[in-house]
Each structure stands twice: as C-alpha cells, then as structure tokens.
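Engineer: Here the protein sequences line up with chains A and B, keeping their order.
Residues in the first sequence are numbered from 1 upward in steps of one, following the numbering used here.
Residues in the second sequence are numbered from 419 upward in steps of one, following the numbering used here.
Just so you know, these hints were derived from the structure itself, not from any lab.
C-beta: ideal position from N, C-alpha, C; glycine also.
Treat the hints with caution; some may be incorrect.
[What the hints assert, rightly or not] Okay, the calculated bits of chain A under chain B, using three or more residues with CB under 8 Å as the criterion:
| no. | segment |
| --- | --- |
| 1 | 7-16 |
| 2 | 154-166 |
| 3 | 236-243 |
| 4 | 267-276 |
Listed below, chain by chain, are the residues.
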Amino acid sequence: MSASKFSNPVVRWIDHRLPIFSFLEHEANEYPTPKNLNYFWNFGSLAGISLVIMIVTGITLAMSYTAHVDYAFESVERIMRDVNHGWLLRYIHMNGASFFFIVVFIHIFRGLYYGSYKAPRELLWMLGVVILLLMMATAFMGYVLPWGQMSFWGATVITNLFSAIPFVGESIVTWLWGGFSVDNPTLNRFFALHYLMPFLIVGVVILHLVALHRFGSNNPLGIDTRGPQDTLPFHPYYTIKDFFGLSVFLTFLAAAVFFFPNFLGHPDNYIPADPLQTPAHIVPEWYFLPFYAILRAVPDKLGGVLAMFGAIAILFVLPWLDRSPVRSARFRPLFKIFFWILVIDCIVLGYVGAKPAEGMYLLVGRVATVWYFVHFLAILPLLSVIETPRPLPQSISTPVFGGGGGLAGAVAAPKEKL
Amino acid sequence: MRKLILCLAGLMMVGPALAAGGGDVVLKHKDWSFSGPFGSFDQAAMQRGFQAYVEVCSGCHSLDYVSFRNLADLGYNEAEIKAIAAQYEVEDGPNDDGDMFMRAALPADRFPAPYPNKNAARAANNGAYPPDLSLIAKARANGPDYLYSLLTSYVDAPGDKEVPDGMYYNSAYSGHLIAMPQPLYGDDVTYADGADSSVEAISADLVSFFAWTAEPALEKRKRTGVAVVAFLLILSAMSFGAMRFIWADVKK
Numbered sequence: 001m002s003a004s005k006f007s008n009p010v011v012r013w014i015d016h017r018l019p020i021f022s023f024l025e026h027e028a029n030e031y032p033t034p035k036n037l038n039y040f041w042n043f044g045s046l047a048g049i050s051l052v053i054m055i056v057t058g059i060t061l062a063m064s065y066t067a068h069v070d071y072a073f074e075s076v077e078r079i080m081r082d083v084n085h086g087w088l089l090r091y092i093h094m095n096g097a098s099f100f101f102i103v104v105f106i107h108i109f110r111g112l113y114y115g116s117y118k119a120p121r122e123l124l125w126m127l128g129v130v131i132l133l134l135m136m137a138t139a140f141m142g143y144v145l146p147w148g149q150m151s152f153w154g155a156t157v158i159t160n161l162f163s164a165i166p167f168v169g170e171s172i173v174t175w176l177w178g179g180f181s182v183d184n185p186t187l188n189r190f191f192a193l194h195y196l197m198p199f200l201i202v203g204v205v206i207l208h209l210v211a212l213h214r215f216g217s218n219n220p221l222g223i224d225t226r227g228p229q230d231t232l233p234f235h236p237y238y239t240i241k242d243f244f245g246l247s248v249f250l251t252f253l254a255a256a257v258f259f260f261p262n263f264l265g266h267p268d269n270y271i272p273a274d275p276l277q278t279p280a281h282i283v284p285e286w287y288f289l290p291f292y293a294i295l296r297a298v299p300d301k302l303g304g305v306l307a308m309f310g311a312i313a314i315l316f317v318l319p320w321l322d323r324s325p326v327r328s329a330r331f332r333p334l335f336k337i338f339f340w341i342l343v344i345d346c347i348v349l350g351y352v353g354a355k356p357a358e359g360m361y362l363l364v365g366r367v368a369t370v371w372y373f374v375h376f377l378a379i380l381p382l383l384s385v386i387e388t389p390r391p392l393p394q395s396i397s398t399p400v401f402g403g404g405g406g407l408a409g410a411v412a413a414p415k416e417k418l
Numbered sequence: 419m420r421k422l423i424l425c426l427a428g429l430m431m432v433g434p435a436l437a438a439g440g441g442d443v444v445l446k447h448k449d450w451s452f453s454g455p456f457g458s459f460d461q462a463a464m465q466r467g468f469q470a471y472v473e474v475c476s477g478c479h480s481l482d483y484v485s486f487r488n489l490a491d492l493g494y495n496e497a498e499i500k501a502i503a504a505q506y507e508v509e510d511g512p513n514d515d516g517d518m519f520m521r522a523a524l525p526a527d528r529f530p531a532p533y534p535n536k537n538a539a540r541a542a543n544n545g546a547y548p549p550d551l552s553l554i555a556k557a558r559a560n561g562p563d564y565l566y567s568l569l570t571s572y573v574d575a576p577g578d579k580e581v582p583d584g585m586y587y588n589s590a591y592s593g594h595l596i597a598m599p600q601p602l603y604g605d606d607v608t609y610a611d612g613a614d615s616s617v618e619a620i621s622a623d624l625v626s627f628f629a630w631t632a633e634p635a636l637e638k639r640k641r642t643g644v645a646v647v648a649f650l651l652i653l654s655a656m657s658f659g660a661m662r663f664i665w666a667d668v669k670k
C-alpha cells in the first residue's frame, strides 16, 4: 500500500486516504495471471460484460415499459416502433439474454473440463452456481414481461411447479401469483424482481471475483503457478486478450441483433397473452430446455421438480464428488471421455426439452436424465478412485513431467525459463 | 474443446426448430425483398398491399399498432397521409360538455379497428376472432411464407375430408380447417399502377405490407447492422493484431 508508486500528487493524496488506486494497481495491473490461459478463459470477462449490457439496456427499456396486463404488450410495441432506437435496445436485451447464457454455459463447461472447482476454488465455484441460479430466475421473470402468449403460459407452467410441494404447495402458488391465477399482481412483482435481481447478481459477481483473486485463475494444465516465471501481469496481457475476445463476441451478438433478432425467440410471444387460449406447445426459452427435459422425464410432479432443481444443486457439491487431486482433464484420460459424454448428454436433454414429452422423446429424455445424475453421483466419485492420471508437468513454464511416468521421456527437452 | 462451441451452437438451433409447429403443411417459399442481411422493402408492393388490406382485410382485421403517420415509410407524403386519415372516423373526447364525439382521423391516430371489442368481433364472425394483423408476420413461424401460403392455398377439400359449416379448407393451415373464408379470388382490387391482381400477386403484396407493419424498423436495422458488423470485424482484426504485438515477447 505504498502511495509512492504514483507520481501524480493528486492521485497520491487520494490514494493515501482512500487506497483505491493501489487496489486497482494490485488487482488489475499487477494481478499475476497464469501465462498459459487459452481462449476458454475469455468467457468469464465476457459474462461480466454481458451482465453490464443487460443492465444498461434493461434500465433504458424500463423507462418506456408499463408493467400492467392491459398495457405491457402494447408498451413493448411502443418501444419497438416509437421510442428512438427502441427496437435496438429491445433486440440487444432479448438476444443479450441468450448470449449471456451461451457465454455462461461455456464458462461452466470450461470449469468442468479443467477442474476449476477443485481446492482451493470450491467457494469460487459455488458462488458461480449461485449466479447461475439467480440468472435463471431473472431470465424467467424477464421473459414474462412482454406479456405475450409464451410469457403468460410459461409463467403459468413454471409457477405451478411449486404446487408440487406437499401440503403447502397450492398456498405457495397463490402467494407467488398474488391471486388465483397469473395476473396483474404477478406481472408487477415479476417486473420488480426482474429489476432487482441483476443487482444481486452484481453483488455475487463481486464475491466471485474476490474469491478468484485469492488464488488466481486455474489454467489449462490445472497445476498451481510456482512463481513469476509462470505468470504475467493481468494488464496489458489479458486486458488485450479479453478485449479481442470481446470484439469477436460483440460481432456475433451484433449479427444476431441486426440480422436474426427473432431467431432464438418464439413467434407465439408476438401474440398478446390470452388466458383463455393455451398454445399448442408451451416451451421455455432455449437455455431452460435441458432442465425442462429433466422436469418432464420424471413421471411424478414433485419428483420432476426435485430432479430439475437437483440437477443444479448437485453442482454445489461437485468439488466433493470429484475427489481426484488432478484438476485438468488433459491428464485424466477417462474423465475426459466422460466429460464429452456429459456435454452430449446435456445437448440431448436440450433437444428433448424442445420436443413433446411422448414416445421416443420421453424415453431418450429419461435415459439422458439418469445419465446426468449417474455422471455426477457415481462416475466422478468412482473415477477419483480407479483412474490413473497421466504425469503432471512440474510447472507451467517447465514442461518436464514429474512422477517419472513412461510418457515423460517423450517430451523431454525443457525450454528455457522466462 | 472447439467441439464445445459447435455443440452449443447446435443447442441454439433447437429452440426455433420447435417453432415450426405442425408438420402437416409444406409452406410455399418466396424470395422476399426484405429477407437477407441486405434486404429492403419494396415500396410499390407495400402500397399495393396497403390498398389490398384496406379494401379486403380491414373489414374484419384490425391493425392496432400502426398509425397513419407511419405510412410515410410506404412513400406517401404528408398531404397524402392526411387525406388517407381523413377517410376514417375516430372517437375523441370528452369535449367541454363531457360528450364523446366522432371526428375525422389525423395522421397521429392509429387505424381504427373494425369492431369495438373482441366479443363483437367474434359475434360477427361465427365465433372466430379475426386476429390483429400488425404483428402477424412475426407471430407465425416463417411468417411471410406462411401468410403467402395461407392466402393462396384455399383449394377444394379432398373427398374424404369433412368440412363443417362455417369452416373452410386450406391446405397451408395446420389441421386444414380454417374459420376465415377465402379472402382473395383474383382481381379483388384494381391497382392504380396496373400491376398484376391475381391471387398470388395480391397475396405477395399483402405479405410485403404486413412484413412492414410487423417490423417497421427492419430496413434501418439491417442498414445499421451492416455498418456495425463491418466496424466490429475491423475492431476484431485490429485488437487481434494488438494482442499479437503485446504477447510477442512472452515465451511459451
């Protein structure tokens, strides 16, 4: 906390009393980051920027939105037609939600692949799961606000899930609705909560970052950094890399917003909500489809709800299910195979979630659901015991393999240290 | 790990796939002037479509989200828009005596609906509600192709198909039984520009018009998009170069 590192006297004066510049210098400029991070480490900062994009466009949209069952749909059309660049704000917000989920899903699977959830980063991981849950709640309530057919019926289906809770379920649903069906009180409170929750997410993101900066980023090798030869200061190396990633991300987002803005949406949501007319197929937004498939795979309502929430809850205890001391899948041949099976399993669940719950789809959905839980509850604990990991390099900058395995000889020549 | 991106991209495809809905119809596809990244509206077709909407559709279907002033997008000037609006009567008021009154519509007014409320619309149409058409091109999967197919697919029902009273057979409608009677028979409107007035031509004109009512900002959106994406591509290339430059001294 030496203020003397700043030459500007004003900065020095402020920093002596409020060490904000020291803090930034330490956490953003000097912050040692493993030098071998690949592009999958871009998605953390992309998620943060997505959150900012959503908050900025969301607040601006809220200025022209009316949370009332008689006016909500029309106010959205007003935004699309009469508010200057309202169409742009709304399409960024709409597609931004999907891109936020894409980014976060990649971020999560990156963590799964490289074992980023393992000691000492368990709380970092668990805070991330909390963020995912908050995001899902926020996205669900946001989708209700335009008050189209899918908004209304999606809200009806999902809130009704709580009626599965024994004894008090029906009362809880009535309490959630603020009435005896999804109606104006529901829309109002969803708007209030949709506005509130992103700021809760910001709070948890800050905790997520504090936890991250305690031990720094994991890396593709999954081994700890051993000193300055393994790391780079965050700025400028990773600021520029994150900026490049951001440019590419924004290019994709812009392509969607300007050329295919409704591609990920459902046409029924351009029909005003009609409580008397149920759509042929009620489907959630694409990012909920895997969870929707798990929900419907269980023949019992309460069981389905428990399975759906369990699918996320299980991520909380993941650091204790996978006891293997090796983090990165690069050195875990069996884990790597099962990781890809899990990815395919999740995609299958997403596909099944989009289809009617009958016949072949139901069967496939059930198998995929069982596999999802088997992966976490049986395979990961088992692999921790039976798998022989490949030898690990001694450090990031010396690709010499320790442990004396047969593979080590193949990659012998050590490069010079930095 | 590159596979991961492909997989997630695949996941994104699932969402819209389900929107295609009933698999019992095959839509007729047309290359619309407004589709594609460089698409734009065909003003002449939109004006013809507007005329057809007024003369054929507007008897039953409202256009709630469109104001007369918006017709400027179709190429009408202010005087023409005032004249078009003046042909409609809208309710205004209350006046100083507290009474509602009728007056000629102004450019700022929205198109008046043909029925005072949903129940009146149902009562006049054999129980079926003629939907508002402002957003119809976005409220149906493959909207433009769907509308075109629907309008041009009133054909004789196959012998084994029972068509109840008040229903009509349409091969492009899911389930084939639709409550809307055939709206177009050809030569339903006389275009001032002498354009083709066959069922197919009028239908295509209507689609051009409804594509605009559903998404008036479409042209602006696509034009802006070309510039924004071009800028971002250049930005990506430049930041990639900057990244390579900064990382050049890092030993792997």
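Engineer: Flag every earlier hint the structure violates by its number, smallest first.
Structural biologist: 1 and 2
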